[in-house]
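Peer 1: Chain by chain, the residues run as shown.
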Amino acid sequence: MFDVIIGGAILGAIFSLIAIGLNLQYGVTRILNIAHGEFLMLGAYVTYFFFTFYGVNPLVSLAISGPTVFVLGVLIQVIVFRKLVRLSKSAEELEFRSLLACFGLQFIIQNVVRSIFGPTNIGSPYLNETINVFGELFQLNMIVAAVMSIIISVIMYLMLRSTKVGLAMRAAVEEPTGAQLVGINILKIHAVSFGLGVLISALAGSMLSMIYSNITPYIGPQYTFIALAVIILGGMGSFIGSLLGGFFIGYIYYASLKIDPLITLAVVYAFLIIMLIIKPKGFFGR
Amino acid sequence: MLKGKTVNLTKILPILLIIIVLAIAPYFLGDYYSSIVRTILLWTALSISWHFFSGLTKYVSLGSAAFFGVGLYFTAKYLQLSIDYGYWPILPLPVIVLLAGLINFALALVIGLVTLRLKGIYFAILTLGVSEVFKNAVQWWEIKITGTRGTYIPIFFDSQTVYYSVLITMLAILLWTTFLRMSKFGLALKMVGESEEAAVHVGVNASLFKTLGFAVSAMCMGFMGGSFTTRFTYINTDIAFDPLYSFLPAIMTLLGGAGTVYGPIIGSITLSLLSEYLRVTFSQYFLIILGLILVAIVLFMPNGIIGVVEKLKATKLMGRKELVKAPEKPP
Amino acid sequence: MVHSFSLGKKAVTKMQAVILAVILIVVVVAGGVAYYTATRPAELPAKDKIVIGIVQSLSGPFSGGAALHHIYYKWIIEDYNAKGGLYVPEYDKRLPIEFKEYDDESNLDKMLTLTEKIILEDKVDLIFAPWSTAFNFAAFPLYEKYHYPVIALTFGSDIAAEKMRTGEFKYAFSVLGLPGETGNEMADLLDYVNKNKTPITRVGIIYHSDQHGVEYSGAIFYYLTDRGFQVPVHQSYTPDISDFTPLINTLKDANVDVVVLNGYAEGATLIHQMKAQNYNPKLIFIGPTMEVPFLVFGPFGFTPADLVGVAYYDGWPSTAYKTGNLSAWAEAHKTRLGAYPFPASATFYAGLECLFKAVEKVGLSREKIRDALATETFDTIVGKTKLRQGYSMQAELAGTISQWQGGEMMEVVWPLEAKSADVIAPKPQWP
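Residue numbers (this note's numbering), protein chains in the order written: chain F, 1 to 286; chain B, 1 to 331; chain W, 1 to 431.
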């Protein structure tokens, strides 16, 4: 029984982290990045690269993959999305166009990675030893990943709560016009939020590559979907929603795995749909 | 419904000509080039079907794969179960395709009633989710209940048959959607797209028309899926419910010009030809280039090809390079 | 007018005699030339190379797997080009081989369209097969229609093979062990293990939800239960699964002696997690990808000691690379590709060799090549090799089931006549 509690929590922690990234960036910029999973995949490949060719410890490589993807995210936001926001005459138009732009990004990122690293599975296996938790055996790297995810989430939360940048972001989420009136550089905040969102995703990817060796350029979409399910459940724009939603989805996923591994994804999608129908704003949404 | 509108011969004639050319194309194009034309016809039909609902009502649906897939899968399964196993009565293909379309209509009615309460990005994600659920549900049924995976299509249709099935279905869809669009039904959908609240105020039953519009769009995609079964000898859920069938019609319509009548057609033809050219020329990097083009389209051609053409026409008309300026103040 | 022409009289003038002689000579010469050209074989069109058409999944979800057999396409072409090319009897010389390659993006419709392209547009001489059973099967009607004999390397479906056996697809040749054959072999092996090594009564099967998983697990289930084994677990999972712990617990609870995984790279995750859970069944069977040295000892993070006892049901005919001239080939493989071969590597190469040797024997007529492939036995790197449509390839030096035994390459453990090492059962404890 403990295996469900802990197993679900491990998955939940990782899912929360990925969702928090997507949520942060959507909440501020109002652009739903469906290529979010591709940045996760990039993080995994950066870690793999440094692990395989330079022997860098995957946990240490977080310090490389995070900032690298952050810079990439900022660049993409400035080059692509800033112009999109200016061009679009309505919110729906912006949503539609950014959806397609992200789809284009997906193509580009997936295939650039494939051209460089090839399509076969890779991984940066590390900390595969077993540890005993309440009588149940777990892989050390999964526990480490879960703990790190929670730590990063807490850091994010503190940043949003206490730092100037964080406050500015929250202002941009709640009152975009008001925020500008107070002198907040909205453009800069958008770029930073997008960058941070994908940075978080990349950190999650780096940790996943430590655990799993079936990383390919195509693992992005499944994680984007899970993040999407989480933020819809938790409410788009709500940090707490993403956190709790992540754990909820983690438990559902783990439970379905126990019952019938064939329906795990279908169950997550089903929850997504049901949620959208009965409470589209999610449990904590605004 | 078409009262008061005369049939414009100068518009009809070139269209008839194109249809005739398409009809005799396989005879002088050979199998391979006919395949390319057929692929273009497929995407054009899907874009037109998608645009009929999503273009007019501005409810961006990303669940086209669900309906195309059901059309494809139902037809394939029916052929297999009626011919190979004799469970069901053997029917001529057009009847099966018709059934596939009707099933999609019913399915879309149910889905529409539930999902059309949402707008914008929520609706888009929801339809995407529906598409994936369909795929997983069919897959689950196959593996758990029947112990199989995928369907073998017992008849091998020769390429002429495939081509003409696709052509006829595409023309039928074009005619049907054009007819509906020019009618009051189409007008209602357009009003919903421009301002749903206003439409309701004027007394238009927005919910009814939205749902029906969604269902018609789905039915057309079902027809196309059913006709396309002729192309394969084996399909499975990944092939039938490929997300590409959800995304490409939207992309092609945007490329052509969202919200215009010819947008989907121009967009599909352009993107299909462009893809073929890029694929053959750049092989390894073709998808990267395609992605870049897609981003470029979204950034620099927001109104699609038609938008660019309109802009060119406007500036040419004014005889100046800048856009229309305000008239000079009288002295 | 003078009509004085008559053979009987001496009225034949000198002029007339000359004319007659000239006419006769011309007729004789013309007749000779006509006879000569009529009986001489038609002039062959000038040909300076052989073109092979390849439609591959170079991008998209299948590209990872497709890369594994693609390397053998390139290798054999290079090997033959190093000799000067492929010998073609009609021209009595070797012609260099070129290939035209297209990416089907893991999309079935595109694969079919591109196959039509290489047949109708590029008019290639030979075709190398695409990746995966589904794609191969979908392309068979085209090969049939246009008479292109194709060796379907990555093909493993009995339902599809049935159509090859009935003669519906005469131009397609299968190579790998099919589900029914595989189930039979595994049942034989487990029988042997049960009688000679360690008792085996219960088997658990978990399988990937794709065609391969469904058919192979179904066949194995059938043959094992038929042979008297109990199969309390027969569970499918979707490809996204990353945590096998619940499944491992199910297997533990069901008290199975043997675990069969009909799947791919997720087998690595399964083994890592079995190790973590300290779950050690008597035998584990894994599927494609888990037999590839450069993957298991590379990105999957295993050492040879980790995998001792893990067996592989698929990918046969498998050769033990320590026998005869295969060890040289294995070393060449390592030098060329950076890793040792997997069990089916030589099989893939040998399958292609059959095609090339058929051409060298009967020429470029595709109908003749097809007949040769269907009836002849060829000498390849795996010894005397015969292709059987709808069944696995018959190879002199190859067996069926392989097992990791601590080396960098797998050993062949079944059948007994072809084994390179005795099967290890029960599997030792995890290191």
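Accuracy of the hints is not assured; some may be wrong.
As the list claims (entries may be wrong) - For the chain F half of the interface with chain W, some residues (derived, Cβ under 10 Å), not all of them: (1) Thr-52; (2) Pro-119; (3) Ala-255.
If you are wondering where the hints come from, they were derived from the structure by calculation, not from laboratory data. Quick reminder that beta carbons are idealized off the backbone N, C-alpha and C, glycines included.
Peer 1: Mind checking the CB of Pro-119 of chain F against every CB in chain W and telling me if the closest is under 10 Å?
Peer 2: The hint holds - Pro-119 of chain F has a Cβ within 10 Å of chain W, the shortest such distance being about 3 Å.
Peer 1: Hint validation: Ala-255 of chain F versus chain W, beta carbon distance must be below 10 Å. Holds or violated?
Peer 2: OK, holds: Ala-255 of chain F within 10 Å of chain W, min 9 Å.
Peer 1: Should the interface hint for Thr-52 of chain F be scored as holding, given a Cβ-Cβ cut-off of 10 Å against chain W?
Peer 2: holds (8 Å)
Hint compliance for this structure: every hint is met.
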